[in-house]
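A.B. asks: For reference, each letter of the sequence shown is one residue, going 199 to 456 in the working numbering.
Just so you know, these hints were derived from the structure itself, not from any lab.
Careful: at least some of the hints might be erroneous.
Said to hold, decoys possible - The following label-pair restraints were derived from C-beta to C-beta distances:
(1) ARG257 with ALA231: 35 to 41 Å
(2) THR326 with ASP411: 28 to 34 Å
(3) GLY243 with ARG213: 19 to 25 Å
(4) THR201 with ARG390: 27 to 33 Å
(5) ALA324 with LEU202: 47 to 53 Å
Using N, Cα and C, we set each Cβ at its ideal position, and we do this for glycine too.
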Amino acid sequence: MKTLTDDELIAALSRELSADAANAGPLYFRLSARLRELIQQGLLGTGRPLPPERELAQRLAVSRQTIRRVVEELASEGALTVRQGSGTFVSGRLVEPLTELASFSDDMRRRGLAPGSLWLERELAAPTPQEAFTLGLSLGDRVVRALRVRTADQQRIAVELAVVSAELVGGRADFGTSLYDAIRRHGRAPERALQRVRAAVADARIAELLHIDVGAPVLETERHSYSADGRPVEWTRSTYRGDLYDYVVEMRISASGT
199 MKTLTDDELI AALSRELSAD AANAGPLYFR LSARLRELIQ QGLLGTGRPL
249 PPERELAQRL AVSRQTIRRV VEELASEGAL TVRQGSGTFV SGRLVEPLTE
299 LASFSDDMRR RGLAPGSLWL ERELAAPTPQ EAFTLGLSLG DRVVRALRVR
349 TADQQRIAVE LAVVSAELVG GRADFGTSLY DAIRRHGRAP ERALQRVRAA
399 VADARIAELL HIDVGAPVLE TERHSYSADG RPVEWTRSTY RGDLYDYVVE
449 MRISASGT
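Work out the full structure: start from the sequences and follow the hints.
C.D. replies: Below is the structure:
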């Protein structure tokens, strides 16, 4: 994926400042949101230095305090890294919005990273009672369980266990490299999802698979995906490295306020 030059970055931020200026909120908020979006889209490569604060302030016609606040906010999220005496750099930490449903592979490609999988297990089996309840299956139905380590540019990011009705992948455990592509081919694409995220620490098995220390911080997610007609599609539980992955939620104050 092509990354933006400094001039293209400045132009993108300038357009954000000129659009709907009266109703779009504070300058730092608009700049933070746009810069965060560019990083999430992979348009600013990992490790890439940002122009100096002084240059950004001059070219965007805003105060250095505004630029500093933008940098501090994105650095606190892990999207930017500030190195004293060296400058500000796009971080290798991955930031994912919780309001958007995308496969891991699509998400990584959008960031300009090469997604990969280290398959640990793929099996066709009878569902457990919890799997049958979660996926709306009946006695005698089958599921496919897919356990793998997810990678980005060959770096281990997460351990993922996905469970789907075997019917949705043609009754085969060897459905290919992309679970979502296999599901789409069989006519029930996920359209929405409920996802729970919680903080945890790595046990011995997770530590070994992700090449981290036992007790290192991780993020555990549980996702229930549904088709457009509301039928269950997928139940996935994942464990992400806490030092490489963030989830970000954008919220708006309700009309009544508080």
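A.B. asks: Which numbered conditions among the earlier hints are violated in the structure presented, ordered from lowest to highest?
C.D. replies: Number 1 - this is the single hint that the structure violates.
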